[in-house]
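So the protein sequences, as listed, match chains A and B.
For the first sequence, the positions run 1 to 134 when the UniProt record's numbering is used.
For the second sequence, the positions run 1 to 134 when the UniProt record's numbering is used.
I should point out that these hints are in silico values taken from the structure, not numbers from a laboratory.
Hints are supplied without guarantee of correctness; some may be wrong.
Listed next, the in silico DSBU-like pairs over lysine-lysine satisfying Cα-Cα at most 35 Å (straight line) [as the list claims (entries may be wrong)]: (1) A/114 - B/74; (2) B/52 - B/71; (3) B/52 - B/114; (4) A/74 - B/71; (5) A/52 - A/74; (6) B/74 - B/52; (7) B/71 - A/52; (8) B/114 - A/74; (9) B/74 - A/52; (10) B/52 - A/52; (11) A/71 - A/52; (12) A/114 - A/74; (13) B/52 - A/114; (14) A/114 - A/71; (15) A/71 - B/74; (16) A/52 - B/114; (17) B/74 - B/114; (18) B/52 - A/74; (19) A/71 - B/71; (20) B/52 - A/71; (21) B/74 - A/74; (22) B/114 - B/71; (23) A/114 - A/52.
Computed from a predicted structure; not experimentally measured.
Letter by letter, the chains look like this.
Number of protein chains: 2
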Amino acid sequence: MLLRLNHVALAVPDIEAAAATYRETLGASVSQAEALPEHGVTVVFVELENTKVELLEPLGDTSPIAAFLAKNPKGGMHHICYEVADIVAARDHLVASGMRVLGNGEPRIGAHGKPVLFLHPGDVHGTLTELQQV
Amino acid sequence: MLLRLNHVALAVPDIEAAAATYRETLGASVSQAEALPEHGVTVVFVELENTKVELLEPLGDTSPIAAFLAKNPKGGMHHICYEVADIVAARDHLVASGMRVLGNGEPRIGAHGKPVLFLHPGDVHGTLTELQQV
Numbered sequence: 001m002l003l004r005l006n007h008v009a010l011a012v013p014d015i016e017a018a019a020a021t022y023r024e025t026l027g028a029s030v031s032q033a034e035a036l037p038e039h040g041v042t043v044v045f046v047e048l049e050n051t052k053v054e055l056l057e058p059l060g061d062t063s064p065i066a067a068f069l070a071k072n073p074k075g076g077m078h079h080i081c082y083e084v085a086d087i088v089a090a091r092d093h094l095v096a097s098g099m100r101v102l103g104n105g106e107p108r109i110g111a112h113g114k115p116v117l118f119l120h121p122g123d124v125h126g127t128l129t130e131l132q133q134v
Numbered sequence: 001m002l003l004r005l006n007h008v009a010l011a012v013p014d015i016e017a018a019a020a021t022y023r024e025t026l027g028a029s030v031s032q033a034e035a036l037p038e039h040g041v042t043v044v045f046v047e048l049e050n051t052k053v054e055l056l057e058p059l060g061d062t063s064p065i066a067a068f069l070a071k072n073p074k075g076g077m078h079h080i081c082y083e084v085a086d087i088v089a090a091r092d093h094l095v096a097s098g099m100r101v102l103g104n105g106e107p108r109i110g111a112h113g114k115p116v117l118f119l120h121p122g123d124v125h126g127t128l129t130e131l132q133q134v
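Sequences and hints are given; from them, build the entire structure.
Structural data, given as structure tokens:
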């Protein structure tokens, strides 16, 4: 079911500072910061040869990463996202296997314009896991 | 400097249970567990189309992931590893930029038989970051 690793998301308290570290110190190809108010984050993409890392800074009062940064004020690894061919089939299989899908259980359109869902980290050995339809 | 994402490492308290989740529930290609006593971990590789995820369980009394699991008993995202062309040149550049290399500052041979180093997470916005020479 899991195909490519789509991205690894790192929460950071200051996205411009983090972008500068990846661009200037680590020598990576780094996008401009993009505000996604409907997702409650500002995002920067670190483009690697085979996948990407997403830097996420909270945006707005109800950001989904605010609690994580309150607990990890310096930032840290927030979630991992895998691609699947069919998000509804994946969801049905995983729910039948006893996994919990966050939210109302239905895939929603994610930050890349494709259907996504998040699995409860307690069902994936502590790692917040996103699935995205290719 | 950063080339491919080599792996994402997830610490887990029970590697056989985690391997079963990735193999049977998430439908991934998963290796047999391999004990690496010189690195203080048992490792399972989850092979994706473009990279791999490593599941790590502590091995022995001085495992480098024991403290992480004591703080995150259900497991969680432990570190991210990028490939670089020349680990010594990378180290020299990063140290000159003010980053701290863990341990004695010298690259050592990692779990894949290649030279690696770890950057202090406090210098990489909270994420423990490994570099591996290709």
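Comparing the hints with the structure gives:
1. At roughly 30 Å between alpha-carbon atoms, residue 114 of chain A and residue 74 of chain B fall within 35 Å of each other, so this suggested pair holds.
2. With a C-alpha separation of about 25 Å, the suggested pair residue 52 of chain B and residue 71 of chain B falls inside the 35 Å cut-off, and the hint holds.
3. A hinted pair counts as satisfied when its Cα atoms are at most 35 Å apart, and residue 52 of chain B with residue 114 of chain B qualifies at roughly 16 Å.
4. A threshold of 35 Å between alpha carbons decides the hint, and for residue 74 of chain A with residue 71 of chain B the separation of about 16 Å falls inside it, so the pair holds.
5. Between the alpha carbons of residue 52 of chain A and residue 74 of chain A the distance comes to roughly 21 Å, so the proposed pair stays at or under 35 Å and holds.
6. Taking the CA atoms of residue 74 of chain B and residue 52 of chain B, the gap is about 21 Å. The hint holds against a cut of 35 Å.
7. A hinted pair counts as satisfied when its Cα atoms are at most 35 Å apart, and residue 71 of chain B with residue 52 of chain A qualifies at roughly 28 Å.
8. Using a Cα cut-off of 35 Å, the hinted pair residue 114 of chain B and residue 74 of chain A holds, with the two alpha carbons roughly 30 Å apart.
9. The hinted pair formed by residue 74 of chain B and residue 52 of chain A meets the criterion: a straight-line CA distance of about 26 Å does not exceed 35 Å.
10. About 13 Å separates the Cα atoms of residue 52 of chain B and residue 52 of chain A, which keeps this hinted pair within 35 Å; it holds.
11. Proposed proximity of residue 71 of chain A and residue 52 of chain A is supported: the alpha carbons are some 25 Å apart, at most 35 Å.
12. With a C-alpha separation of about 30 Å, the suggested pairing of residue 114 of chain A with residue 74 of chain A holds against the 35 Å cut-off.
13. Using a Cα cut-off of 35 Å, the hinted pair residue 52 of chain B and residue 114 of chain A holds, with the two alpha carbons roughly 23 Å apart.
14. At most 35 Å may separate the alpha-carbon atoms for a hinted pair to count; residue 114 of chain A and residue 71 of chain A meet this at roughly 29 Å.
15. Distance restraint check for residue 71 of chain A and residue 74 of chain B: the Cα-Cα separation of roughly 16 Å lies within the 35 Å cut-off, and the hinted pair is therefore satisfied.
16. Annotation: proposed proximity of residue 52 of chain A to residue 114 of chain B holds, straight-line Cα distance about 23 Å (limit 35 Å).
17. Taking the CA atoms of residue 74 of chain B and residue 114 of chain B, the gap is near 30 Å; set against the 35 Å cutoff, the hint holds.
18. Restraint check: the Cα-Cα separation between residue 52 of chain B and residue 74 of chain A comes to about 26 Å, which is no more than 35 Å; the hinted pair holds.
19. Our distance criterion of 35 Å between C-alpha atoms is met by residue 71 of chain A and residue 71 of chain B, whose separation comes to about 12 Å.
20. Between the alpha carbons of residue 52 of chain B and residue 71 of chain A the distance comes to roughly 28 Å, so the proposed pair stays at or under 35 Å and holds.
21. The straight-line distance between the Cα atoms of residue 74 of chain B and residue 74 of chain A is roughly 21 Å, inside the 35 Å bound, and the hint therefore holds.
22. A C-alpha spacing of about 29 Å is found between residue 114 of chain B and residue 71 of chain B, which places the hinted pair at or below 35 Å, so the restraint holds.
23. Simply put, residue 114 of chain A and residue 52 of chain A have alpha-carbon atoms about 16 Å apart, close enough for the 35 Å limit, and the pair holds.
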